[in-house]
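Chemist: Residue numbers (the numbering used here), protein chains in the order written: chain Y, 1 to 482; chain P, 1 to 487.
Hints are computed from structural coordinates only; laboratory data are not their basis. Idealized CB from N, CA, C, for every residue including glycine. Any given hint could be a false lead.
Part of the chain P face toward chain Y, derived, beta carbon under 10 Å [as the list claims (entries may be wrong)]:
no.	residue
1	F31
2	K34
3	L321
4	F397
So the chains spell out like this:
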Amino acid sequence: MTTWLTTLEIFLPVAGALVVWLLPMPRAWVGSVATLISLVEVGVWITAAKRYDFGSGGLQLGQQHSWFSDLGVSYHVGQFAFSVWLVGLTAICGAAACAYAWWAGRERPRAYFGLLLFLTGSVVGVFAAQDLLLFYAFFEAMLIPLYILVGVWGGAGRLGATIKFVVYTVAGSLLMLASIVVYGLQQHTFDLTKMGTSGNDWLFLGFALAFAVKAPLWPLHGWLPDAYRESPPEIAGLLSGVISKVAAYGFLRIAIDRFPGPTHDFRTPILVLATIGLVYGSLLAFRAPDVRGVIAYSSLAQMGLITYGLFAANDLGYDGAVLQMVNHGLISMTMFLLAAMVERRTATGEFALLGGMAKGRPALATILMTTGVIALAVPLSSNFAGEFLILAGVLAQGWAYAVIGAASIVLAAMYMLRLISGVLHQDQGAAVTDAALDLRRGELAIVLPLVALLLALSAWPAVISGHATGHGPGTAIAKGQK
Amino acid sequence: MIKTPHVDWFALSPTVSLTGTAGLLLLVAVFGPKRTRKPIAAIVAGAGFITAFVFAVLLANDSPNGAAIIHDSIFRDRWAAIAQVLIAACGVIGVLISYGERWREENIAEYYALLTAAGAGMAFFVQASNLMTLFLGLEWFSIALYVMCAIDIDLVGSLEAGLKYLIVGAVGSATLLFGSALVYGSTGELSFDKIGAVQAHDSLLVLGLAMIVAGLAFKTSAAPFHMWTPDAYQGAPTPVTAFMGSATKVAALVVTYRLMLTAFPGDTRLWTWALAGIACASIAIGNLGALIQRNVKRLLAYSSVSHAGFMLIPIAAANALGARALLYYLIPYCAMSLGAFAVLAARERELGEPVTLDNLAGFGWERPFLGVSMWIFMLGFLGFPLTGGFLGKFYAFAAAYEHGWWWLIIVGVAGTLISAPYYLSVVRSMFLRDSAELHLTPAGGSPLRDRALDVAVGLCLAVTVGSFFAVAPLIDVARSAADALPF
């Protein structure tokens, strides 16, 4: 059973997608069936997390079968401690997305929910793959449903947004494919646990570029604002909350772990790019005219911060980065869903037309306030813990990074408070009418668990940061190999 | 008394069974009752291809070691037999796609006769072991294809397609023939291995080699010898395009690999560079050309040029991994190509006009099975995972790396990137746009169900996706076939 858990986590949603696509059922059922499947997926993850022995760490829940042996490619899946958290993030956000889409109702539900489940499965696959080619297969497979999900169910500018998004990501991932071919053939295996480290700068750059596009890091974020604005809100939440973490995971598992030399050489340029992204994203988030714009650019900033942690090259940084990945994932998902709920009531996300929604809408006000306050890293929040660890870690690379990082937390407070007050306070906006009700029970049932998770993490951030990488990914992964 | 060589009829069985079917079909054309001629002809042709398929499989099982037989005129080995299996499979699918096409009733049986004759020619061609049989096989299937391109005289552009293909194809054949003559002049030998054994290395041989490469590149539709491809693919009836786009590629590429390796081992450096150059040109021209197409058949024609380039990469690599890569790549490629043209045929029959990116709008939602299949074929062409197209490209790149040519990987990757917009534009038309944009005049009633075509698309889909999951057995087959080649 234990050996099958990871496989089950990957293929349960995929099987669910097939059920939704192929099994004849009334349209009204589709959303509930999909949500049920995604909740079962969360249950499977809980089982897997329970069975994972965080004390010993390393690669667990592994399973390996030969796929094609002449090039040393196998179906090899398994999880490290940080993968467990990221898989959990995916399962939970996937369930929230499914539930929200069910609640909000989507045209062509069979196609929609099937693709959503397929997306969840492939993201879990990326986090669990221990074979480089398998990793690439899942990495690209994510793009297949995303293209259609954004392109069909997105907003008015969806066609342009999908083209930009796809061209950016395909460009990145094809360079990674070239790196994978060369790296794997050099090592005579594609098994990540058996591959030796490499000192080749070009191979490293191939991987790093793919992840930098996906994250995105400045200046490769050109696809981000459109994709986040035009997607259906739950897909935007998945994009910024979960799929950007694929990039961070890739840095941690492949770029940093397998290429220690180039990581060292390119640390400064990458940290500089992260810094620019952090400051630039924060400033744009402060200037953005709409709710989704703020969340989109704050994502860019947060990814810069996570990159700080990853390239700090010490345990504090790694642990902080993993904690921050989960934090930001949950926050992004919640914020995008809240943005969707606001947009649903007012048909706009523009601050110019919003305002004064707190009055008579206590549930919306409380939840948006809570999430926003956690997002701006108020002390005692989980975000604070994550950012603190990251900044403490990056201090080792230079005090300037830590100073700029700390300053960016102030910027985060500015843009988050602007968002909160722009929606909740000030004068009642033109688009806000009395017909705009408070959050319904269904909506509460979707966002409350997410907020509760964030509060729980705030109370006990060490559950992740203390059980993430052990003593840096190098040692965590090395344990798995022995 | 003329002394005749011993004839190994079993080795010839795929060719003979298809030739026999062609003859039988001509009889059907004359004696078949008018009303049932169409189904009878299709069934006979299908049965012929299936017979050839079975014989080719038996032949592959029975010929572990390569041997030149019948006075060194043909090879009996797995390399050829596996190619014949693929060609026969393409033929079966081709028949299924053709069945629903609205041909003129009076020459329906002749069409199937030509289709099986072309299949027979290809089956013969891939076995060729000397320059004479090589040329014979080439002309055999080419002439059948010229006629097939032009067979639908009601179709605008069909005659033009046939004529263009005929003229350009004849130039290609003539080039090949001239090259063969030069090689013979230089070495005094006709059969591949003896040419290889002579180890001549004069300018005559090099010129001959260059002309042979060019002649074969015409058939592969590799740039810069691809000029006929867009017009011929666009103008020919779609089932013909489907067959031509898949089976011809198999035949031409498989023969190119064998000919280069067996006849010109002394000039490996020369022809590997030449083929790598042709591969790069094809990838560049094919993908850039496809970017600006609106007509989907034309778009796929350019895409086939680019794929000729991708499949020339493993040939240029000239190693055992490359041989495996080529055979493996051909399997999903044939399936994707046949399947994509089959879907186009369905849309064409529905609309009664050529399919463009505009009138594909909403197709994916109206006909989910065909739409999703087309989506997967496009992803396969693009080299996305969950389709064999991905692993085909992966193997091709791996072969290039093993040869030491990492820059070929970069070219391939860049080409793939350029191809993303146009493959995805097909998907965009089908799913992201609404059929309401079309303003079609309603013809009344839902489109005819074409079960034969659905079966064909289903089979292609199964192969496209199946070849991703079941790589290991396919690669084993490819490996044992590649053992027949001298490395």
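Chemist: Decide, hint by hint, whether the structure agrees.
Modeler: These are the hints, each one checked on the structure:
Below 10 Å, beta-carbon pairs count as interface contacts, and F31(P) has none with chain Y, the closest being about 46 Å; its hint is therefore violated. Because the beta carbon of K34(P) sits about 42 Å from the nearest beta carbon in chain Y, more than 10 Å, this interface hint is broken. Interface restraint check for L321(P): the shortest CB-CB distance to chain Y comes to about 8 Å, inside 10 Å, so the restraint holds. Nearest Cβ of chain Y to the Cβ of F397(P): about 5 Å, under the 10 Å cut. The hint holds.
Violated hints, listed in ascending order, are 1, 2; each of the other numbered hints is respected by the structure.
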